[in-house]
Amino acid sequence: MASDLNFFFEVLIGGLLSGVMYSLVALGFVLIYKASGVFNFAQGSMVLFAALTFVGIMEMGVPFWPALLLALIVMMLLAVGIERVVLRPLVNQPQISLFMATIGLSYLLEGLGQGLWGTEVRALDLGIEDLPNEWIQENLSLQISTFDIFSAASAAALVGLLALFFNKTKVGLALRAVADDHQAALAVGIPLQHVWAIVWAAAGLVALVAGMLWGSRLGVQFSLSLVALKALPVLILGGFTSVAGAIVGGLIIGASEKLAEVYIGTFTGGAIAAVENWFPYMLALLFLLVRPQGLFGEKIIERV
Amino acid sequence: MKKTITAGLAIGAALISGAATPTPVQAQAMEQFMPIPIYRTGPYAAGGTGYFGGMMDYMAMVNEKDGGVNGVKMTWEECETAYDNARGVECYERLKGKGPTGAAMFHPLSTGITYSTFEKGTADKVPVVSMGYGRGDAMVGSVFPYTFPLVTTYWSQNTAKIKFIGMKEGGMDKLKGKKLVNVYHDSAYGKETIDILNKQAAMYGFEVKHFPVAHPGLDQKAIWLQIKQIAPDWVILRGWGVMNPTAIKEAARIGFPREKMLGVWWSGSEEDMRPAGTAAKGFLAAGFHPAGKNFPVLKDIEKFVHAKKKGNVETERMGTIYYNRGVVSGIVSLEAIRIAQEKFGKKPLTGEQIQWGLENLNLTAARIKALGAEGLVQPLKTSCNDHEGGGAVKFQQWDGEKWNVVSDWIEADKALVRPLAEESAAKYAKEKGITPRDCSKAM
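Here the protein sequences come in this chain order: B and X.
In terms of our numbering, the first sequence has 196 at position 196, counting the first letter as 1, and numbering is strictly consecutive.
In terms of our numbering, the second sequence has 342 at position 342, counting the first letter as 1, and numbering is strictly consecutive.
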């Protein structure tokens, strides 16, 4: 019985920690959505591009921290480039145009990343063991990976940093104004281009952190761009406009999908397989029915 | 205006008549075309580039060193599938008619694309060669005349795996009561061995549980926590791409010994192990050829292709598992062309003629040595009714840096596999209204 309870907690905590990893990717989507009201289809590709760039620079013999700094600079330059080439010509255009532009951007980044750095799978060792933490194992009889705890702490630090940046600075206020109405924001003197570049750079930073953490676990390879799939139900659940929503949504999705995989799969004798694959989307669908704006999203009423 | 129309019509007529005018008969180009449905992009790009890189390098070496196969130069064209079935079919359609005589054969490099193209291949008389993958029952050549799961099928490999586990446990009788888990890629490829594993479980008295992992397999925590609960004696991994290192890392996290994990050959490349780091140490995988560069054929490729900067993949990838598999594929494919040339003449051949070559492959130890592939390729003999040929598997273990071969060739349990394949092929033939060929009359 005790071991059953232990197992339940292992699944639950494992799920919550997986959820944090999903949140990390979802966070990038939220930032862009808040600034431009557009779903950034290219966020997954940004994760891949950032990780490929970081590892590629390290392979050139650059040590860890300078490589991180250089990768960050590349992501910032990329953000400025995106603003100049993709976003600026689309100011005041329908949001669907912006969305389509991000689809194109996604393919461009995937191709560019693989073209520049190659398609080979690369190992990325952050020096954190992906093995059960001994202290937790001895004291709580639970197998929780040290790497998962490190990832959760990194995500928490990043969220804290972004929350401070966007809530306590003028940029944050400008960001909300821009998200509300591009034209009105421009009319009151908010430099739309700067705000967009800053937000895309912040999304680039999030992509870099997500790419490093996911890349360390999976290897730096094309599949990193697919982690975005894990973020979609998180966004629907948490709301597209809330940083807190991305975190809470991630935790709910992570925990529920793992519990569903283990207990629904077992309950049905394996008749229903790969539960964790469809369960988050089903949950998101149910949420859409009862609360379309998500848990923390803004309820938008439009006059027609 | 009228003048313009008249002039336009005149030019059009002239062009049409020009096109219709018989041109002097040109000598047929001495070229044999090979389609390359590669995947340089997508989650499985490492496999696509390594495999086809090796195959193209081998063909380039034969062109440079020998002037082609008996003077017939190999030509090829890449088509990007991204490991997607629909794109694979598109590539097949686009490339099947290229070259002076059409495609020599088609290597789908995907079980899904194999399933999507083998009937087209039969209709078009283009052999579909799925070396080490594809559908297991296609070894029955009387029903599948243009499908060639050469060297070993998944079914054969699976029986060799169970033999290997039996050897490790101290005999096949020791399998009774053991618990096995089959973690598989939730695709046509991954599902291919479920039935045969179930049959073997009943035969030897072990228990087997199957866990599907949805593409691409980024997060498998819940599955591995269940495996921890089951506490199996062995885990069979039928992974692909990123699913492999993820599974190995998850196994390490639950403390499952990697020495008790046995991968299919698509779970046994360097690209699968390196991202998993130290967690991969001890992992076992099947293979129908070893890794390494110490083969004369690879030295020739280095000398005639890579030294001249004509390589089709990064030089440092030479000798890796995927690369060597591509070289093996090139050797077997070109050998089939050479054999077909003995019957039909030293000229570009049609797919129908090469099908004969594929059915009459006879790679003896002496021939393999002459090709510079001793130890790289296993002896192979096909026939009208046996489109598999070899069937033996070696096992290798990852030491943290490289693969080391840890077994001799282990023969598949053909007594089990062949009747199952025939039963399945007969069922397929009945469904499709196919009258199997009489292979006793095959020339």
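Don't read these hints as lab results, they were simulated from the structure.
Don't take each hint at face value.
[Claimed, not checked] Computed beta-carbon distance windows for the label pairs:
| # | chain 1 | residue 1 | chain 2 | residue 2 | range |
| --- | --- | --- | --- | --- | --- |
| 1 | X | R94 | B | V62 | 54 to 64 Å |
| 2 | B | A163 | X | K299 | 31 to 41 Å |
| 3 | B | L126 | X | E93 | 27 to 37 Å |
| 4 | B | L116 | X | K65 | 42 to 52 Å |
| 5 | B | L112 | X | A29 | 32 to 42 Å |
| 6 | B | V62 | X | E431 | 33 to 43 Å |
[What the hints assert, rightly or not] Incomplete in silico selection of chain X near chain B, CB under 8 Å:
| # | residue |
| --- | --- |
| 7 | R40 |
| 8 | A46 |
| 9 | G171 |
| 10 | D186 |
| 11 | A188 |
| 12 | Q226 |
| 13 | A231 |
| 14 | P245 |
| 15 | G277 |
[As the list claims (entries may be wrong)] Quick look at which bits of chain B chain X covers, simulated, 3 or more residues with Cβ under 8 Å:
| # | region |
| --- | --- |
| 16 | 120-131 |
| 17 | 164-175 |
For every residue, glycine included, the Cβ atom is placed at its ideal position computed from N, Cα and C.
Results of checking the hints against the structure:
no., hint, result
1, R94/X / V62/B: 54 to 64 Å, "violated, 42 Å"
2, A163/B / K299/X: 31 to 41 Å, "violated, 60 Å"
3, L126/B / E93/X: 27 to 37 Å, "violated, 46 Å"
4, L116/B / K65/X: 42 to 52 Å, "violated, 34 Å"
5, L112/B / A29/X: 32 to 42 Å, "holds, 37 Å"
6, V62/B / E431/X: 33 to 43 Å, "violated, 60 Å"
7, R40, "holds, 6 Å"
8, A46, "holds, 5 Å"
9, G171, "violated, 30 Å"
10, D186, "holds, 6 Å"
11, A188, "violated, 15 Å"
12, Q226, "holds, 6 Å"
13, A231, "violated, 12 Å"
14, P245, "holds, 5 Å"
15, G277, "holds, 6 Å"
16, 120-131, "holds (count 8)"
17, 164-175, "violated (count 0)"
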